[in-house]
Every structure is written in structure tokens, then in C-alpha cells.
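Peer 1: So the chains spell out like this:
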Amino acid sequence: MGLFNIMNISGTGMAAETVRLNTTASNIANANSVSSSYEDTYKARHPVFAAALDQASQDQTKGVGVNVLGVVESQKPLQVEYAPGNPMADENGYIYKPNVNIVEEMADMMSASKAYETNVQVADTTKRIFRRVLQLGQR
Amino acid sequence: MAISLDKLVGTHHQALQVRTQRMEVISGNLANANTPGYKARDIDFNKAMKSAQSTQANSSMVKTHEKHMSGGMRSQAELDFRIPTQPDTGDGNNVDVQVERNAFLETGMRYQAGLMLIDGKFKGMKKALSSGGQ
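Residue numbers (this note's numbering), protein chains in the order written: chain H, 1359 to 1497; chain U, 23 to 156.
Bear in mind the hints are in silico, worked out from the structure with no lab data behind them. Mixed in with the good hints, there may be bad ones.
Stated by the list, open to error - Computed list of lysine-lysine pairs in DSSO-like fashion (alpha-carbon distance at most 27 Å, straight line):
hint, chain 1, residue 1, chain 2, residue 2
1, U, K89, H, K1485
2, H, K1401, H, K1472
3, H, K1472, U, K143
4, H, K1472, H, K1485
5, U, K148, U, K29
6, H, K1485, U, K143
Looking at chain U on its own, in the form it has when it is part of the complex (with noise of 0.2 Å):
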């Protein structure tokens, strides 16, 4: 019987996926928290991974001339805009610094408990094969 490395991991590294592009959104929010008519974009997170479950091959379209838009298949579904908070701030920028730096923590967390799920994998693999530590 072969050991799979692709099964012992599991859903682990799709979900660290979708963290990172979520940290990406929100650390491009985080940056654009001046910018004058900007609105701050998240990623669904239950959304995002169904896709990544279901499509593994990211397709996208090619590219003949440099303004071309990339019309990635999965690229912009799980893409949608905050609710702002308040009606209006004046430039119609509405980033909530303080939302997004709690999100993009919160994010980070997240990804190191993911880290940490996959590291316990490892080492339990690790310790099968060293016949219990030996």
C-alpha cells in the first residue's frame, strides 16, 4: 500500500490557500486605506474553498497583446465588496482600518492553526516511518 502525501494533507493546503488570498485582499485594502475613491473588497471564505474544492486546474484565458485582461475562470468569483459602515467619509474611500487590521490578524491566526494542523501530520507520519521514534 502506497502512502499518499496528497491525502495525508488533506483539504489543509487548499484552505491555507484561500487564507493567503484572503491576507492578499486585505493587506491591498490595508494599502489602499488613503486612496480617494477606493472600496475595501473581501473574500468569502465558504465560497472560496467550495471553488477550490471543485476546480483544481486554474484556467485561464490566453493572452495575445500586453491589454489583454486575464480572464482566470476562478480568479474574481469569491470577490465581493464590504458594506461600508458608514454612509459616506468624504473621498469615498471606505476602509475600516480597524476592521481590516482585525481581519488580516485574525486571517494570520487562522493560517498558523492550519500550519500547525499540518505540521502534527507530518510529525505523525514522521514517527510511522522512524518505527515510533526509535
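So that you can see chain H by itself, here it is in the shape it has in the complex (with noise of 0.2 Å):
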């Protein structure tokens, strides 16, 4: 039935923009915590999405539905930081800061967010549109 694979698809857009939100969140809930070496540093997460396209073409649909294909860390360089007071410091007085960038997860979250509202706004409109179905000849 299309109109099911209509909420279906703009469920996969919701659980993918809720994992985004979900890395977005711990980013910058971890965008100040220090640490003394290099490995034990938390690194910035992003997923990756992809297209379902597998999938689309296994239920005959038409519409394609999105896959996080994962979480990857950031490459980016860690921020050291020469502070021989803070207890986190290793041997030579350095403590490591994350590599997440402030500003551009903000600008993810709302990303983030608008995607979700618009994936919300497609299955609320196919459910009125299946409400008015549902009630075809009836009045």
C-alpha cells in the first residue's frame, strides 16, 4: 500500500536525523571534558547516511528511504593545551582537548532539527490524507 511506505520512508528520515541530534548532543556535551593522552580523548562523531537503495528496489518502491551506514570520528587534530595545575596533565604538563567545533555543531542541531520537522510534516500530512480514504462514501 503506498501511502504505508510514505510514513515508512519519512520514518527512516526521523531515525536517521535523531542519530544525527543524538552525535550532535554528545559532541557538545563532551566539547570541554579533558584527558591525558592522546587515545583517551573524546573525538567529534558524525553518522553517514546513505540512500536505501537495496531496499527501494526489494518493496517495489519508488520513493528511497535513508540508511546511517554509521558513526565515524573526526580526523581532525585534538587541541593540546600546556596546563601543569589541571590533574588531568600527563608527564610534560599537556592535557587534550576535543576536536569538536562549537559553532558548527550548532549549525548541525538546527540542521538536524528542520530535517526531523519536515519528515514530521510528511507523515502528518499522508495520515490525513489516509483519514480522508478511510472515510471515502461514508457521509
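Put the two chains together into one complex; each comes in its own frame, and the hints tell you how they fit.
Peer 2: In C-alpha cells form, the structure reads like this:
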């Protein structure tokens, strides 16, 4: 049934945007956490989106949903700060801060919430139309 | 004389089917608004309607393996890529959310208009069957 496919597709969109909001929340929450080694430091995470083409051709649908292939850690260099007074400082007096760019994350958050909203509106419109179909010929 | 319900509804149900498909494609575009490399697609209503009227039966090939692609006759025929409005967005994605939202809204309205037409036909038939609504 075609109208249910629309619900499924907007559902995949909502799920994907939720993952993006989730990683953004995690990035912002950990933006100021420090650690004493390069490996232990939090690195910014970002989801990788891809169109779910396999599923679309299997289900004979025309619309294509979205898949989250995975979450990758940012490869940008970390911020290394000289702070010998910090209890987390290593033997040379350096602390390591995450490579999270707060401004970038905020923009990402806005984009994700707008995209989520769009998907909700698509599902809402579909629901209203479906209700009209069910009432066909009743009044 | 038998009453044919098929003739009563006419081509409206095919139109609704095509509209549903178009809404499906557009909802796919909106879901993939942030997917790198995704290209927006759309259905040409004219072509889709023609093929819907000509091929009633959906002929699809037999699949003997799960990796086989489904080779329907009219599954991809009317799908086309949208002409991008800006040359480069940085990640190869050319979904214009505003355009897609308007297209979705428009298709939804047209779908509802089609429903109202069918509803009117049903109402007329009901009236005829109940001898003038008594």
C-alpha cells in the first residue's frame, strides 16, 4: 500500500536525523572534557547517511529511504594545551581537549531538527490523507 | 443493465495511484535531504498516467535469489532526476527542501481533490440507489 510506504520513508528520515541529533548532543556535552593522552580524548562523532537503494528495489517502492551506515570519529587534530596545574595533565604538563567545533555542532543541530520537522510534516500530511481515504463514501 | 463500479470511478483511481507514487518519491527526497551524493528524483505525471492506463498488469520478473534485482516492466520508467537549481552544494546532494516540500503539498492537495471527485461519484450512486435520498 503506497501510503504506508510514505510513512516508512519519513520514518527512516526521522530515525536518521535522531542519530544526528544524538551525536551532536554527545559532541556538545563532551566539548570541554579533558584527558591526559591523545588516545583517551573524546573525538567528535558524525553519522554517515546513505540512500537505502537495496531495500527500495526489493520492496518495489519508488521512494528511497535513508540509512545510517555508521558513526565515524572526526580526524581533525585535537587541541593540546599546556596546563601543568590541571590534575589531568600528563608528565610534560599537557592536557588534551576534544576536536569538537561548537559552532559547527550548533549549525548541525539546527539542520537536523529542521529536517526532522520536515519528515514529521510529511508523515502528518500522509496521515490526514489516509484518514480521508478511510472516510470515502461514508458521509 | 448491470452497474459497473469500475466505470463509475473511471480513471480516478489510477490518478490516485500515480499521485501516491509521486508522494513516495518526494518523501524519499525529503528523507535524503542530508545524504551526501543523493540526487533528487521526481515522477512525470503525464508519462506515468499514460503507462498506468496502458499496462494494467504489473509484470515483474521471477526472483530465484535474494540478491536478484526486481525487474518490473514499469517500475522505473517514469522516474527522472530533477534538474538542479544550483551547480554545487559541496557534498553532491541536490535536494532543495523548499521545492520538495511544495511539491509534496501540491501532490497531497491534488490527491485530496481526486478523493473528493470519487466521493462525489459514490454519493451520486448512493442517491440513485436509495431513490432520491429517501
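Peer 1: It remains to establish, for every hint, whether it holds in the given structure.
Peer 2: Here's how the hints hold up against the structure:
Between K89/U and K1485/H the alpha-carbon distance is near 33 Å, which puts this suggested pair outside the 27 Å criterion. Distance check on the hinted pair: K1401/H and K1472/H sit about 25 Å apart at the alpha-carbon level, within 27 Å; holds. For the hint linking K1472/H to K143/U, the alpha-carbon distance of about 40 Å lies beyond 27 Å, and the restraint is violated. About 20 Å separates the Cα atoms of K1472/H and K1485/H, which keeps this hinted pair within 27 Å; it holds.
A distance of roughly 15 Å separates the Cα atoms of K148/U and K29/U; the hinted pair therefore holds under the 27 Å criterion. This hinted pair checks out: K1485/H and K143/U have alpha carbons roughly 23 Å apart, not beyond 27 Å.
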